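J.: What follows is each chain in one-letter form.
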Amino acid sequence: MAKKILLIEDDEFLRKVMLRKLKAENYDAVEAIDGKNGLKVAKEEKPDLILLDLVLPEVDGFEVLAELKKDKKLSKIPVIILSNLGEQEEVKKGLKLGAVDYLIKANFTSGEIIKRIESVFK
Amino acid sequence: MFKIRKNIFVKILALIISLSFVLGTSIFLIALREESKNLEDTLVREGELFSQILAQDIEAGYLVNILKSKSLFDITPFKEVRFLWIVQPDGIIYFADDSKIMGKEVKDSAVGSSKLVVRDSIFHETGERVKLLVRPLKIGGENKGWTLFMGISLDSVRAARKRMILASSIYFILALIVFILISFYFARKITNPLSELKKGVEIIGRGNFDYQIKLKTEDEIRDLGNSFNEMTRNLKQYYNALREEELKTSAVFKNFADGLLVFDKKDNLILINPKVKDFFGKKTENLIGKSLKEIFKFEPFKHLAVLYKKNKEIFREELKIRDNLILEATIIPLKIENRHIGNLMILHDITREKLIERTKTEFVSLAAHQLRTPLSAIKWITKMLLDEELGKINKEQKEFLQDSYKSNERMIHLINALLNVAQIEEGKYIYNISHANLQDLVQAAIDFNRKKAKGKKIEIIFEKPKKRLPKIPADIEKIKVAIANIIDNAITYSPKGEKIIISLKRLDNKIQVSVKDNGIGIPKKEQPRIFNKFFRGARAIKKETRGNGLGLYISKNIIEAHKGKIWFKSKEGQGTTFFFTFPIDTPNRETLK
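As given, the protein sequences belong to chains R and P, one line each in that order.
Numbering of the first sequence is given in my numbering, commencing with residue 37 and proceeding in unit increments.
Numbering of the second sequence is given in my numbering, commencing with residue 76 and proceeding in unit increments.
All the pointers check out, no bait thrown in.
Rough simulated footprint, nothing fancy, chain R against chain P, three-plus residues with beta-carbon under 8 Å:
id, stretch
1, 444 to 450
2, 459 to 466
3, 489 to 501
Straight-line alpha carbon distances no greater than 35 Å define the calculated DSBU-like cross-link-like pairs of lysine-lysine that follow:
id, chain 1, residue 1, chain 2, residue 2
4, P, K526, R, K128
5, P, K219, P, K179
6, R, K128, P, K640
7, P, K527, R, K59
8, R, K128, P, K481
9, R, K76, R, K39
10, P, K527, R, K158
11, R, K52, P, K470
12, P, K574, P, K546
13, R, K39, P, K458
Source of the hints: derived by calculation from the structure; they are not laboratory data.
Every value quoted in this text rests on a predicted model; they were computed, and no experiment measured them.
Every residue gets a Cβ at the ideal spot worked out from N, C-alpha and C, and that includes glycine.
My request is simple: use the sequences and hints to build the entire structure.
T.: Pasting the structure below:
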C-alpha cells in the first residue's frame, strides 16, 4: 500500500510542486496550508510521514512538532522538517524536538528530498 | 633660619678671632722680645760707660778719699747697679760696696780677665738675675789681674715688660671687642641675604612664582639671588606651560566621548571621566581610589573587573552591560619610558553600531529567507522538468531549462553565502566539531568542483603525503566549504586547459594545504583587501562577472575559527597560491566560536 505523506506548507507554489512530485513517486499525499490545519489533518489522516515547514502563519512548525510529539497517537509519526530557515540553532531545535531530518529546501532538489524520505522508511 | 645664621656667624666670628689672636700674640711676643733686648742693651751700655768712668777713677786713685766716707753706691748715679766689687787677681774682693763681703773670694771664670766680659749671672746674696759686667783694672800696671765686678739689675727691664704686657692686654681686649663687633656686622651682612634667600626659596617653594628676591648686597650672594630670580622666572614659564598642558589634557579627558578609567600600578581605580558616570550612574564616583576587589562588588562594574583581570596587554572586548548598553572595552597599559605605571580602560559605546549591525543582519537573513522560498520552488520544478517527470521536452527546451536551473543555483549559492556572512557577523555561525582527516575534506572539496573544472578542461592535481596525516578537530561541512571556495576561485580565474596543483603536507605541529593556480593573479594594490567582505578585484570582475566577493571572507572566517591561518602569494598575470594551515593540536570545541 502506498505510504501516506502529509505536507504542511504555506507557500502555494512549493506545495503544488511537492505534491506533484510525491504523487509522481506513488505516495499518497495529503496537504495542509498552516500549522493548525496541519495538526488537524495529521489526527484525521494518520500519515506515515510528515513533511513540515517551519515558517507558518499563527502556529509555527516548531509548535506543530511539539504538539505532534505530545500526542501519543501521533508521536510515532516521523517528521522531516523542510524549511528555508537553516541556522544551526533552528536545526538543533528541530532535531531536539524529535524531527528525524532537517532539510533546507533550497539546497535539495525534490528528487533528493524523496531519497531522504525513502531512507526514513527503510 | 636661625640655624643658618648661627652656624655661619659663629664660623666667621671664630675664624676672625682666632686669626687675630694668633696674629696679635705673635706680633706682641716678637715686639716684647725686641723691646726687652733693647732695654737690656741700653742698660748694659750705660753700665759699660759707668764702669769705664769708675775704672778710670779707680785707676787714677780719685776714689780713695771719697771711699773713706761714702760707699760706692753713694757716688753712683747709675741706680741699676746691684753690686760693685774691686777684685784682686787672686779673686779676693779687695773692696766692695758692701763691707760684709770684703775679703771674700769670688769664684768666677772672669776673675783676672783682661777683656771686658758681659754676661747673665745670678747675684748669690739675693738670688736675683743680673747682668754681670767685668772690666779689667789697670792697677799696678796693665794686665796685672785686677778687675771691677759690677752687677746690673734687670728690674727696670722686667717692670717695663710687665707694663708692656698689661698695656698690650688692654689693647688686645679692646681690639677683640672691635673685632667681634666688626665680625658680627660682616657675619650679618653675609647671613642676612642668605636668610632673605631662604625666605624667598620657601615662598617660591610654596608655589608663588611671582615672588622676586631683593638683596641689599653687591656681592656673590646678590648674583646668586639674581640667578635665583632668573630661575624662578624660567620655572614659572615651565610651570605655566605644564599647567596649560595639564588643563588641555584634563579637558580632553573630561570631554572625551568614550568612558575612560585609569588604574594605577596596583590596580586601584584612580581616575574616571564623566562619561563613565553616564554609563554606570553617579555611584561610580565613589569607586575612585578603590581597589579592583571593591570595584568588583559594584554590580555594573563586574563585567569590567572580570575583563580587567584577564590581561594586561592591549586588548578589546565587547561587553553587554544591559539591553540598551553595549560597550567595547579596550585596555591599554600606560607606560612612561618603558615603566609600567598603570592601565587605561577605554569604554566605547557601540550600542548604536550593534543595533544597526543587528538590524542589517536580520534584514539580510529575512530577505534571504524570503528569496529562498521561490528559488526552492523553481529549483524543484526545473529539475523535475529537466528529468522529464512532467513529460518529454525537446533539446532546445532542455538547454533553456538547464540554464534556468544553473542561474537559479547561483542565486541559491549567493543567498547561502549571504546567510553565512550574516551568521558569522551575528556570532551564530556554530561549529560542530568532530575529528576529520583533512585529506578526505580536500578530496571532497575537489570532487565538489570537479564538474566545473571539467567544463574548463582544467586538470586538478592533488599531491598527497605518503603517510596519512593525523586527524584534526574540524567542522567537516564548513571546512569543505572553506576549501571548495578557494578551489572554485582557482578554477574561475584560470585560463582554459590550465593545471591547478593542490598539495597537502605536514609542517611540525600543523598541516598545510596549498592551492596553486596559473591564473590572472591578484594585483599588488588589491592584495590587502582580498579577504574583505564583498571585495572583488577589477580584473576578476572582468574575467568573471558572476561572483559575490564572499567566498574568501567566509573561508578565512572558517579557517581562523579552527585556529588556522590563511594567506597567499600572488603575482599579477602569473597566478596565485593560497596557503592555509590547521594546527594538529587544536583546542577543544569550546574555544571555537
